[in-house]
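Student: Using the sequences plus the hints, can you model the full thing?
Given next are the chains, with one letter for each unit.
Protein chains: 2
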Amino acid sequence: MFPIIKVGLLGLGTVGQGTYRILTGNKDNLTQKVGAEIKVTRILVRDLAKDRGMELDPALLTKDYRDILEDPEIEIVVELIGGLEPALNYVLSALERGKSVVTANKDLLALHGKELFEAAAAGKADLLFEGSVAGGIPIIRPLKQCLAANQIKEVMGIINGTTNYILTKMSYQGVDFTNALLEAQELGYAERDPTADIEGLDAARKIAILASIAFNTRVLINDVYVEGITRITARDINYARELNYAVKLLGMAKETPEGVEVRVHPALIPQSHPLAAVNGVFNAIFIRGDAAGDTMFYGQGAGALPTGSAVVADIMDAARHRLYKVPGIIKCTCYAQKPIKPIGEVECKYYLRLIVDDRPGVLASIAYAFGDKKVSLASVIQKLNLDQQAEIVLVTHRVKEQNFRAALNLISQLSAVKEVCNFIRVEGEET
Amino acid sequence: MFPIIKVGLLGLGTVGQGTYRILTGNKDNLTQKVGAEIKVTRILVRDLAKDRGMELDPALLTKDYRDILEDPEIEIVVELIGGLEPALNYVLSALERGKSVVTANKDLLALHGKELFEAAAAGKADLLFEGSVAGGIPIIRPLKQCLAANQIKEVMGIINGTTNYILTKMSYQGVDFTNALLEAQELGYAERDPTADIEGLDAARKIAILASIAFNTRVLINDVYVEGITRITARDINYARELNYAVKLLGMAKETPEGVEVRVHPALIPQSHPLAAVNGVFNAIFIRGDAAGDTMFYGQGAGALPTGSAVVADIMDAARHRLYKVPGIIKCTCYAQKPIKPIGEVECKYYLRLIVDDRPGVLASIAYAFGDKKVSLASVIQKLNLDQQAEIVLVTHRVKEQNFRAALNLISQLSAVKEVCNFIRVEGEET
Chain A
80 MFPIIKVGLL GLGTVGQGTY RILTGNKDNL TQKVGAEIKV TRILVRDLAK DRGMELDPAL
140 LTKDYRDILE DPEIEIVVEL IGGLEPALNY VLSALERGKS VVTANKDLLA LHGKELFEAA
200 AAGKADLLFE GSVAGGIPII RPLKQCLAAN QIKEVMGIIN GTTNYILTKM SYQGVDFTNA
260 LLEAQELGYA ERDPTADIEG LDAARKIAIL ASIAFNTRVL INDVYVEGIT RITARDINYA
320 RELNYAVKLL GMAKETPEGV EVRVHPALIP QSHPLAAVNG VFNAIFIRGD AAGDTMFYGQ
380 GAGALPTGSA VVADIMDAAR HRLYKVPGII KCTCYAQKPI KPIGEVECKY YLRLIVDDRP
440 GVLASIAYAF GDKKVSLASV IQKLNLDQQA EIVLVTHRVK EQNFRAALNL ISQLSAVKEV
500 CNFIRVEGEE T
Chain B
80 MFPIIKVGLL GLGTVGQGTY RILTGNKDNL TQKVGAEIKV TRILVRDLAK DRGMELDPAL
140 LTKDYRDILE DPEIEIVVEL IGGLEPALNY VLSALERGKS VVTANKDLLA LHGKELFEAA
200 AAGKADLLFE GSVAGGIPII RPLKQCLAAN QIKEVMGIIN GTTNYILTKM SYQGVDFTNA
260 LLEAQELGYA ERDPTADIEG LDAARKIAIL ASIAFNTRVL INDVYVEGIT RITARDINYA
320 RELNYAVKLL GMAKETPEGV EVRVHPALIP QSHPLAAVNG VFNAIFIRGD AAGDTMFYGQ
380 GAGALPTGSA VVADIMDAAR HRLYKVPGII KCTCYAQKPI KPIGEVECKY YLRLIVDDRP
440 GVLASIAYAF GDKKVSLASV IQKLNLDQQA EIVLVTHRVK EQNFRAALNL ISQLSAVKEV
500 CNFIRVEGEE T
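Keeping their order, the protein sequence lines are chains A and B.
Following our numbering, the residues of the first sequence are numbered contiguously, the last one being 510.
Following our numbering, the residues of the second sequence are numbered contiguously, the last one being 510.
Where hints are given, some of them may not hold.
Note that identical chains are pooled: a pair holds if it fits in a single copy or bridges any two copies.
[As the list claims (entries may be wrong)] With a cut-off of at most 30 Å between alpha-carbon atoms, the simulated DSS-like pairs for lysine-lysine come out as follows:
1) 193 / 410
2) 479 / 417
3) 232 / 85
4) 106 / 417
5) 203 / 223
6) 129 / 106
7) 106 / 193
8) 417 / 223
9) 118 / 232
Everything labelled a hint here was simulated from the structure, so no lab data went into it.
Tutor: Given below as structure tokens:
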């Protein structure tokens with residue numbers, strides 16, 4: 080006979096249902112692997128009567144969170160409500176009572192990580208959150224344990240499936256942004272209000288979490304420089320391809336002598352980069368360590384079962400730690416305090432697309448403006464349009480963002496420059 | 080002040096040196112993360128005087144294994160000698176004494192896994208082996224913990240860098256096998272005696288280890304069906320490309336109702352498969368789970384620092400478990416006993432290349448032989464050669480290996496068939 084570890088679920092939405100299905104459907108294997116039976120004894124829901132299309136003992140359901148948080152037999156609380164409140168309150172309360180907490184809530188972690196880990200340490204409890212970043216892809220534990228011997232140099236991830244689906248559609252089918260978004264919404268890959276995804280806010284939360292672990296310093300959502308993908312056009316993607324790049328929304332974090340860079344924005348990456356082949360709703364995280372070198376973790380970044388897979392893995396670890404009476408054995412690793420590097424100080428290559436008058440001397444005046452701000456050019460494509468205008472696509476060498484911006488400011492004031500259509504950072508090349 | 084956990088290294092070859100460099104070079108971070116200082120107090124070497132080109136207190140070195148195994152203060156033994164004996168003896172002896180063992184020795188694990196895990200259980204000690212498969216890529220812990228909630232359906236890996244380097248050279252530069260091997264040897268990617276790599280034996284050990292974890296049943300090296308890459312020609316690779324496939328040496332393991340399939344052989348995989356883009360000495364392991372769906376883990380499969388990264392991660396976990404007095408918390412998970420499916424029962428698609436007389440009726444007679452053995456054809460390419468001969472390339476639909484072999488036997492006896500040049504299994508397509 081195996082001992083029983085009792086679990087309470089807060090929330091029974093998509094991920095909650097996936098989690099419950101895995102816990103019940105694969106029960107015998109989980110019991111063998113953990114050495115204890117993981118038993119869900121209570122589930123907090125908003126509507127007791129709702130038909131969830133799954134087999135479920137109605138006696139498990141409750142509308143009162145105290146039935147879980149105040150039940151001394153429940154050792155593990157699984158928070159799958161999402162958002163800040165009441166999730167934060169519940170999680171803090173569970174940790175303070177010494178219950179281990181498993182959560183897939185990226186908002187909580189990215190905004191309240193410090194408070195949460197302090198509560199976990201005080202309660203001598205586990206706080207596990209594999210499901211909060213990149214769904215079914217193992218990334219938190221690999222970064223925190225498997226790559227723990229490394230000084231991480233760089234984390235670069237496609238960590239939002241909605242935007243990757245949209246960019247893939249635009250890249251391979253020439254669809255424009257609006258139609259690609261509509262299609263993503265029809266397929267359920269984008270929400271009715273897609274702001275958090277397409278403006279990069281969802282990815283920003285995830286990269287804040289990953290950067291905190293990678294660099295052992297607390298990175299908050301407000302530390303992340305964020306740009307979404309709404310400015311990206313099929314035209315930019317085509318030029319990128321001509322230049323042998325793919326366009327992806329990246330969450331990036333790098334450690335530099337001047338501080339930690341952490342940002343989310345669209346980027347051109349070389350077609351030969353392992354991330355360039357990550358298409359559709361798939362996610363992948365590329366990590367460069369001083370010892371392991373380059374590694375990449377690929378898989379499904381969302382969905383009931385993929386995220387449920389991560390949540391249940393955490394529940395299994397939490398249960399094992401309970402069984403051995405060592406909850407809290409894996410602690411917060413933000414023991415350092417590193418400055419965040421301002422975006423102006425970040426060095427990149429830049430792709431820039433302009434519409435200019437097609438007359439002699441225009442390219443020279445643009446090149447002069449770049450030179451004035453110490454920006455040198457790596458390549459230039461010029462295409463003729465109608466009406467005596469030309470479209471110019473430039474790629475710079477590596478330069479500080481503030482210099483590029485200053486040059487861009489000069490260029491936009493040139494009378495021959497009709498439109499600064501777009502600029503996109505270039506990443507993933509060896510420097 | 081942090082407590083000290085003492086470690087003894089057995090062996091100071093490539094991986095031993097990498098391990099020692101990481102432990103000393105990144106010491107402060109490791110101490111913070113573990114909550115204890117990991118201190119190497121003794122290193123077993125064969126030659127005390129050898130110049131290893133690294134800073135090293137000569138007092139650490141010993142030629143007597145008892146200085147490590149019989150030192151009661153050493154809690155963790157790191158076996159990096161490789162091969163079976165004396166490594167096996169040392170590891171068993173350490174485990175029996177209750178010392179935790181970290182090893183990167185795939186031979187030991189693939190041949191003596193059961194014995195080793197029994198000794199670990201008896202000694203209440205950790206037996207960790209992240210470095211034994213795919214070097215710097217986190218794969219053992221991800222499979223054993225992060226994906227533990229899943230019933231794994233399939234593991235498919237490029238787990239030998241030497242052969243992947245050779246096949247990449249052949250694919251992209253049209254080099255033939257012999258020259259690609261020579262180049263790999265010159266670059267140090269292949270050993271002077273390359274047999275273990277090119278005949279698939281190295282990959283077989285690794286897939287045996289991965290299959291044991293994935294399917295919770297003991298898979299031994301002798302259970303693995305093995306073919307190497309020596310039969311692969313640049314010609315086959317070119318035809319494969321025409322058909323939109325890449326050629327890779329795969330370690331494969333699948334769970335089927337009739338038992339576990341486990342094999343190493345070259346295979347055609349679709350160019351769109353994530354493994355197809357894994358080139359050069361890089362390794363990657365693709366895992367399909369019932370909950371997580373498809374995941375892939377990519378990185379450097381060998382080398383002092385990548386493998387050292389995996390070894391040190393294990394040392395950190397072993398040290399943490401020592402600190403919390405829970406060594407052995409992660410146990411052997413081979414709790415099931417599943418049959419191995421014989422290769423004749425395995426179902427695949429097959430690529431086949433033949434030289435035949437170029438006269439009417441020949442293709443019909445080949446198609447007839449296939450039909451007689453219930454093999455149906457998916458595609459046929461016919462190219463004319465000199466001397467009234469034709470080269471035919473066929474791809475079958477999915478069929479049992481024994482049927483394909485029987486058809487091949489019939490075909491090879493046809494008078495019009497001059498040569499059966501090669502056949503290669505096709506993998507990685509949705510079925």
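Student: Look at each hint and say if it fits the structure.
Tutor: Evaluation of the provided hints:
no.: 1; hint: 193 / 410; result: within (12 Å within a copy, 32 Å between copies)
no.: 2; hint: 479 / 417; result: within (20 Å within a copy, 59 Å between copies)
no.: 3; hint: 232 / 85; result: between (40 Å within a copy, 29 Å between copies)
no.: 4; hint: 106 / 417; result: between (43 Å within a copy, 19 Å between copies)
no.: 5; hint: 203 / 223; result: both (19 Å within a copy, 25 Å between copies)
no.: 6; hint: 129 / 106; result: within (25 Å within a copy, 54 Å between copies)
no.: 7; hint: 106 / 193; result: between (34 Å within a copy, 25 Å between copies)
no.: 8; hint: 417 / 223; result: within (18 Å within a copy, 33 Å between copies)
no.: 9; hint: 118 / 232; result: between (41 Å within a copy, 25 Å between copies)
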